[in-house]
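Same order as they appear, the protein sequences are chains A and B.
Its first residue numbered 689, the first sequence is counted upward by one per residue in our numbering.
Its first residue numbered 75, the second sequence is counted upward by one per residue in our numbering.
Misleading hints may appear alongside valid ones.
Listed next, the in silico BS3-like pairs over lysine-lysine satisfying Cα-Cα at most 25 angstroms (straight line) [as the list claims (entries may be wrong)]:
#	chain 1	residue 1	chain 2	residue 2
1	B	345	A	834
2	A	863	A	935
3	B	189	A	945
4	A	915	A	853
5	A	945	A	916
6	A	834	A	935
7	A	869	B	189
8	A	908	A	853
9	A	853	A	834
10	A	914	A	853
11	A	853	A	863
12	B	345	A	945
Simulated from the structure, these hints should not be mistaken for laboratory data.
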Amino acid sequence: MSVRLAPRVWQDQHLGLDSRALIANSPDKFQVGILMSNALINLQNIVVNGVDTQARAQTLRQWFVGRKSMRPINIPILTDVSLVVRPGDRLGILGLNGSGKSSLLKVISGNYPIHGGTRQVIGNVVPLIEMGAGFDPELSGRRNIKVSYAYRGRLREYTQEIEQKIIDFAELGDKIDLPLKTYSTGMASRLAFASAIFQQPEILLLDEIFAAGDASFVEKSTIYMKKKWEEAAISIIVSHSHGEMEKLCNRCVIMLKGRLVADGAPPDIIAEYQRMAHAHATH
Amino acid sequence: MQHIETAPRGFWPAFVDWIRPFMRLADRYYFMTAIIIAQNSVTRQYRDSFLGIIWTILQPAVQIVVYSVIFSRIMRFPIENYVLYLIGSLLVWQLISSVLLGACNSIIMQAETIKRCIVSLTVFPVADVLRALYTYGISFAVMYVYALVFLVPFNPMILLLPVFLIPIIVGLMALAVALAFAAPYIRDLGDVMTVMLSVSFWLTPILYPISAMPEDVRPLYEFNPFYIMIRPVSAVVHDGVMPSEYMILTQLGVMAVTVLVSYCVYRVCRKNFVYYI
Numbered sequence: 689m690s691v692r693l694a695p696r697v698w699q700d701q702h703l704g705l706d707s708r709a710l711i712a713n714s715p716d717k718f719q720v721g722i723l724m725s726n727a728l729i730n731l732q733n734i735v736v737n738g739v740d741t742q743a744r745a746q747t748l749r750q751w752f753v754g755r756k757s758m759r760p761i762n763i764p765i766l767t768d769v770s771l772v773v774r775p776g777d778r779l780g781i782l783g784l785n786g787s788g789k790s791s792l793l794k795v796i797s798g799n800y801p802i803h804g805g806t807r808q809v810i811g812n813v814v815p816l817i818e819m820g821a822g823f824d825p826e827l828s829g830r831r832n833i834k835v836s837y838a839y840r841g842r843l844r845e846y847t848q849e850i851e852q853k854i855i856d857f858a859e860l861g862d863k864i865d866l867p868l869k870t871y872s873t874g875m876a877s878r879l880a881f882a883s884a885i886f887q888q889p890e891i892l893l894l895d896e897i898f899a900a901g902d903a904s905f906v907e908k909s910t911i912y913m914k915k916k917w918e919e920a921a922i923s924i925i926v927s928h929s930h931g932e933m934e935k936l937c938n939r940c941v942i943m944l945k946g947r948l949v950a951d952g953a954p955p956d957i958i959a960e961y962q963r964m965a966h967a968h969a970t971h
Numbered sequence: 075m076q077h078i079e080t081a082p083r084g085f086w087p088a089f090v091d092w093i094r095p096f097m098r099l100a101d102r103y104y105f106m107t108a109i110i111i112a113q114n115s116v117t118r119q120y121r122d123s124f125l126g127i128i129w130t131i132l133q134p135a136v137q138i139v140v141y142s143v144i145f146s147r148i149m150r151f152p153i154e155n156y157v158l159y160l161i162g163s164l165l166v167w168q169l170i171s172s173v174l175l176g177a178c179n180s181i182i183m184q185a186e187t188i189k190r191c192i193v194s195l196t197v198f199p200v201a202d203v204l205r206a207l208y209t210y211g212i213s214f215a216v217m218y219v220y221a222l223v224f225l226v227p228f229n230p231m232i233l234l235l236p237v238f239l240i241p242i243i244v245g246l247m248a249l250a251v252a253l254a255f256a257a258p259y260i261r262d263l264g265d266v267m268t269v270m271l272s273v274s275f276w277l278t279p280i281l282y283p284i285s286a287m288p289e290d291v292r293p294l295y296e297f298n299p300f301y302i303m304i305r306p307v308s309a310v311v312h313d314g315v316m317p318s319e320y321m322i323l324t325q326l327g328v329m330a331v332t333v334l335v336s337y338c339v340y341r342v343c344r345k346n347f348v349y350y351i
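Extracted from the complex, chain A is given alone in its bound form (with noise of 0.2 angstroms):
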């Protein structure tokens, strides 16, 4: 093990981290096959700017009687964004609503394209970002299932195994073959967290902690999540929740107005977030 640590140490001391820290406030456990993999994320003074098309459309037709526009066009999204996660990090992602969050999770994802710096990431991305992407209301549970699939990208794995896996962990039965629209809330958003998580990740994306349905579905679903968030090599939270961050992490980062402003153990960081948090609550 110390062989194989080696380059890796002197790699992370290189990138301004010490993973042997890292190790050591490591959750209980902790496998020797999530060191060994290659996954990776390498981001590199990432940039990303969004449009506001509004106000790109005023611009065009102000040209036209020649007045200058009043909007900026482009919103920075992300500035200046570098971060490396390496196999055995469970990176908690923390930030006031609107600091870029929920975006360096589509960048990492490849939702969205960048602008600026490098991006390179390694190993079989899964984001639970948002799920139930696609589903659609007018068509059955069991075509949805497979429309969320492929919209996924996923087909390739798409089985009557999995697709009954999916059902019976969605607990919907006989009712699979109705039309989405006759579901309820809950019935509707277990089987888009069903239908989600059946995958091998090696790098784990979650938006917040998914819990719907019932307690016990609740229950059972939190359950799942947890073993998945253990066995991928790389996970990584964004979430509002201090108690479970410091639970399921080991290194969390702070995002401030699109920029990481804090990097390091998870209470150091949780306290110095509640401050900044309490600081401008009070601004």
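With chain A fixed as given, assemble chain B onto it according to the hints.
Same frame as chain A, now just chain B:
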């Protein structure tokens, strides 16, 4: 699975990068995804209506009846089997125009889904083409059987129809992708398309045969890409003859230009696309 985003250096890496999206077309899961999306949109449209799929046939059938009454009985076009002529040209025009109109909205309308999904977004316009093709197939089959029963004898040339539809389908898929990816940047594209198509409808020999036009105007039609695309289909369906080499080559030429231009538009637009929808 490794993904590094950096600009390729050197001629060959750049070339491979340039043709990579075409390699995706060899992936059977890509087309399966497109088929699933197309099936969904068909199901969604007809699921709760009483006549369901019959509407797919009824709508073009009524149009053909109306046009044939107006143009062959009232305007008296000098053309044999006018209904068959409409089956050859009008149905293809409807295929083309429905795809081009739909493509401008295909991604904008589904913005919320698209922002979250990970599959290549080109499947959405490609699915639109498949869906329009399905409608075309059904209405063509029904109308042609009708024509066989009541109007004309069977002509084996019709078996070549799929061959001459291929350039149209390929061109349409490319153009649909380009329009779908350009539309978020230029929101007016949908309106431009509506106007352009309604003008082109009358500038293209769809309701009238090219022979109805004066001799000196006809060469101008060689600049109408819609006409060039539809011409071989019309020859096979209505005239029942093999299209001339000239017709086939011009059709392939228009297809090639469409694909190339569309691909360039796609390359330019795809980068920041997500931020505009």
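Comparing the hints with the structure gives:
1. B:345 to A:834: violated (28 angstroms)
2. A:863 to A:935: violated (37 angstroms)
3. B:189 to A:945: holds (22 angstroms)
4. A:915 to A:853: Holds, at roughly 17 angstroms.
5. A:945 to A:916: violated (31 angstroms)
6. A:834 to A:935: violated (35 angstroms)
7. A:869 to B:189: Holds, at about 22 angstroms.
8. A:908 to A:853: Holds. Residue 908 of chain A to residue 853 of chain A sits at ~14 angstroms (cutoff 25 angstroms).
9. A:853 to A:834: holds (13 angstroms)
10. A:914 to A:853: holds (19 angstroms)
11. A:853 to A:863: holds (15 angstroms)
12. B:345 to A:945: Within the cut-off at roughly 24 angstroms; holds.
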